[in-house]
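There are 2 protein chains.
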Amino acid sequence: MTHEDAIRLFAKTLRNLEHWMDKAAEYAKAKSFEVDVLAQSRLAPDQYPFVRQVQAACDQAKYAAAYLGGKPAPSHPDTEQTFAELRARVEKCLAFIESVSAKDFSGAEERKVAPPWLGGKWLRGDDYLLHVAIPNFFFHATTAYAILRHNGVQLGKMDYIGSFPTQEG
Amino acid sequence: MTHEDAIRLFAKTLRNLEHWMDKAAEYAKAKSFEVDVLAQSRLAPDQYPFVRQVQAACDQAKYAAAYLGGKPAPSHPDTEQTFAELRARVEKCLAFIESVSAKDFSGAEERKVAPPWLGGKWLRGDDYLLHVAIPNFFFHATTAYAILRHNGVQLGKMDYIGSFPTQEG
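First to last, the protein sequences are chains A and B. The working numbering runs 17 ahead of the 1-based position in the first sequence. The working numbering runs 17 ahead of the 1-based position in the second sequence.
Pulled out of the complex, with its shape left as it was, chain A reads as follows (with noise of 0.2 Å):
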C-alpha cells in the first residue's frame, strides 16, 4: 500500500462524507427543520461539533498529502458554518490532495515531518501517515458520520464504505 493509495482513500472517503451531507439534507427536508442546524450538532458538550469534524478530516487528508507529497499545504480557515459552505470546503480540500502526483510522493517513506505541534520533533514520513495521518483522518469522518447517525439521518455502513474495486472470475 503506498502513500498515494492513502491519499486516494482519504479523497473516497471525502466523496462519502459529501454524500452523508446529502443524506442529511433529504432528511432535514422530510422532517421539515434547517440542515444547518445538525452543522453544530455534538456528541459531547466538549467535543467538535459536526462541521469541525469536517474541517479537521479535511486538514488530515490536506496536511497528509502536503507533507508527504513535498508539498506547501494551502490555507483553507475554518470559517465554515453551514453546510454549503461545508461542501465548498471538501471540494477545496479534494482539489488540492488530488494535485498531488503519485510522483510527488516517491520517497515519501523517509520523507522527515515536521508539523508545527511536534514543536521541533519530527516522524518518519511512514509514521506520520500510519500514527497521525489515518487514524486522525478516520476519527473525524467517522465522529461527523456518527453526528448525523445520532440525530437520525438515515445512513449505513455503506455509505461509510462506498465502493470497493471487486474482481471475479
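Misleading hints may appear alongside valid ones.
Note that identical chains are pooled: a pair holds if it fits in a single copy or bridges any two copies.
As the list claims (entries may be wrong) - Under the rule of at most 30 Å between Cα atoms (straight-line distance), these lysine-lysine pairs were calculated in the DSS-like manner:
{"id": "1", "residue 1": "Lys88", "residue 2": "Lys120"}
{"id": "2", "residue 1": "Lys138", "residue 2": "Lys40"}
{"id": "3", "residue 1": "Lys29", "residue 2": "Lys174"}
{"id": "4", "residue 1": "Lys88", "residue 2": "Lys40"}
{"id": "5", "residue 1": "Lys129", "residue 2": "Lys174"}
{"id": "6", "residue 1": "Lys129", "residue 2": "Lys29"}
{"id": "7", "residue 1": "Lys174", "residue 2": "Lys109"}
{"id": "8", "residue 1": "Lys88", "residue 2": "Lys174"}
{"id": "9", "residue 1": "Lys40", "residue 2": "Lys120"}
{"id": "10", "residue 1": "Lys138", "residue 2": "Lys174"}
{"id": "11", "residue 1": "Lys48", "residue 2": "Lys174"}
{"id": "12", "residue 1": "Lys40", "residue 2": "Lys174"}
{"id": "13", "residue 1": "Lys48", "residue 2": "Lys88"}
{"id": "14", "residue 1": "Lys109", "residue 2": "Lys120"}
{"id": "15", "residue 1": "Lys48", "residue 2": "Lys29"}
{"id": "16", "residue 1": "Lys46", "residue 2": "Lys29"}
No lab work stands behind these hints, which were simulated from the structure alone. Being a predicted model, the structure only gives us computed values, none of them experimental.
Using the hints, position chain B against chain A.
Frame of chain A; chain B shown alone:
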C-alpha cells in the same frame, strides 16, 4: 507502509481501547454506576452498542491479519456481555494478530481475499486493506470511543491516538 505495519497499528489501537475501558471503569466508580451499563450503550437505536463495536473492531483486525497473512482466522464467537469479557476478547484478538509474522505478510499485496460476504467475488490484498480493513477497523474503534465520550467518560484525542515514534535532531 507495509501490511504488517497496518496490522501493528490495529494492535496498538486495540491496546488504546483497553485504556479507554480503564477510564470508563474509573468514571463508573466515581459516579457509582455499574460499568457494564456502558457495554449496552449506543449512539442510535439501530446502531450497534459498545459491546458489538468492540467485537467488530477485533474482527476487522483478526480477519485482516488472517487474510493478508494467509492464516486461518480463529473463531471468536460474539458472546461477550461485560467489560471483563470484552477485555478477554481483545486479548485473544491481540494474541492471534501478533502471532502473524512479517514473513507471513510477504506477498499480501496481491493475495486473493475472498470473504464469504463478497459472495464469490474477491479483492486484491492491497484493496482489501485499503477499502475494507482500515476504514472498518477505525469505524468501529472510533464509534466505541464515541459511545464512551457521549456518556461522559473523560477521554481526549491523545487517548485515542496513543504514543507515536517521534524523532529528534
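Structure-based check of each hint:
1. Lys88 with Lys120: Within. Shortest intra-copy distance 12 Å satisfies the 30 Å Cα cut-off; inter-copy 35 Å does not.
2. Lys138 with Lys40: between (42 Å within a copy, 29 Å between copies)
3. Lys29 with Lys174: Both: 15 Å inside a chain and 24 Å across chains, each within 30 Å.
4. Lys88 with Lys40: neither (34 Å within a copy, 40 Å between copies)
5. Lys129 with Lys174: between (36 Å within a copy, 23 Å between copies)
6. Lys129 with Lys29: The answer is both: 26 Å in one copy and 23 Å across copies each meet 30 Å.
7. Lys174 with Lys109: both (26 Å within a copy, 26 Å between copies)
8. Lys88 with Lys174: For Lys88 and Lys174, only the inter-copy Cα distance (27 Å) is at most 30 Å; the intra-copy one is 34 Å.
9. Lys40 with Lys120: neither (36 Å within a copy, 44 Å between copies)
10. Lys138 with Lys174: between (38 Å within a copy, 19 Å between copies)
11. Lys48 with Lys174: within (23 Å within a copy, 34 Å between copies)
12. Lys40 with Lys174: both (13 Å within a copy, 28 Å between copies)
13. Lys48 with Lys88: Neither: 44 Å inside a chain and 49 Å across chains, both beyond 30 Å.
14. Lys109 with Lys120: within (21 Å within a copy, 41 Å between copies)
15. Lys48 with Lys29: within (29 Å within a copy, 42 Å between copies)
16. Lys46 with Lys29: within (26 Å within a copy, 42 Å between copies)
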